[in-house]
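Heads up: the sequence shown at position 2 corresponds to 227 in the working numbering, and the numbers run straight through without jumps.
FYI, nobody ran anything at the bench for these hints, they're computed from the structure. The beta carbon of each residue, even a glycine, is placed where N, CA and C say it ideally should be. Just so you know, not all the hints are guaranteed correct.
[Claimed, not checked] In silico BS3-like cross-links for lysine-lysine, where the CA-CA straight-line distance does not exceed 30 Å: (1) 261 - 240; (2) 261 - 238; (3) 238 - 267; (4) 267 - 240; (5) 292 - 261; (6) 294 - 238.
[What the hints assert, rightly or not] FRET-style restraints, in silico, Cβ to Cβ: (7) 294 - 229: 35 to 43 Å; (8) 240 - 288: 15 to 23 Å; (9) 283 - 232: 20 to 28 Å; (10) 234 - 278: 29 to 37 Å; (11) 244 - 274: 30 to 38 Å.
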Amino acid sequence: MSPPGVPSWDERKQKYIDVLLQANPDIIGLQEVTPKQFLFLKTNFADFSALSVPVNNPTQELMTAWKQKYRHHQDLVIYYFCTI
226 MSPPGVPSWD
236 ERKQKYIDVL
246 LQANPDIIGL
256 QEVTPKQFLF
266 LKTNFADFSA
276 LSVPVNNPTQ
286 ELMTAWKQKY
296 RHHQDLVIYY
306 FCTI
């Protein structure tokens with residue numbers, strides 16, 4: 226559930242994908258990701274490998290890190306959202 230004044234996940238999820246893919250990062254870090262959001266992100270980040278760690282709370286949220294599968298160079302671009 227989104228806080229008051231914040232659009233629902235279904236209203237903003239494509240914007241997250243668009244912004245993150247446009248940034249062309251090597252690594253993406255996200256926290257407070259719900260299982261539903263994780264499945265959506267996994268589908269849309271096909272060129273990334275995901276690592277997720279459950280957060281110890283009743284909402285089953287995850288902390289996730291995503292790494293480009295096929296990119297191997299020394300200059301990394303990292304993108305991090307505190308809350309999704």
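Tested hints:
1. In summary, the hint linking residue 261 to residue 240 is supported, as the alpha carbons are separated by about 16 Å, within the 30 Å threshold.
2. Simply put, residue 261 and residue 238 have alpha-carbon atoms about 11 Å apart, close enough for the 30 Å limit, and the pair holds.
3. Only pairs whose Cα atoms come within 30 Å are accepted, and residue 238 paired with residue 267 is accepted, the gap being roughly 12 Å.
4. Taking the CA atoms of residue 267 and residue 240, the gap is near 15 Å; set against the 30 Å cutoff, the hint holds.
5. For a cut-off of 30 Å, the pair hint linking residue 292 to residue 261 stands: about 20 Å separates their Cα positions.
6. In summary, the hint linking residue 294 to residue 238 is supported, as the alpha carbons are separated by about 22 Å, within the 30 Å threshold.
7. In this structure the supplied range 35 to 43 Å holds for residue 294 paired with residue 229, their Cβ-Cβ distance being about 38 Å.
8. In this structure, residue 240 and residue 288 meet the distance hint of 15 to 23 Å, their C-beta atoms being roughly 21 Å apart.
9. Here the CB-CB span from residue 283 to residue 232 is close to 24 Å, well matched to the stated 20 to 28 Å.
10. Between residue 234 and residue 278 the beta carbons are some 20 Å apart, a value that contradicts the proposed interval 29 to 37 Å.
11. For residue 244 and residue 274, the hinted distance range of 30 to 38 Å is not satisfied, since their beta carbons lie about 20 Å from each other.
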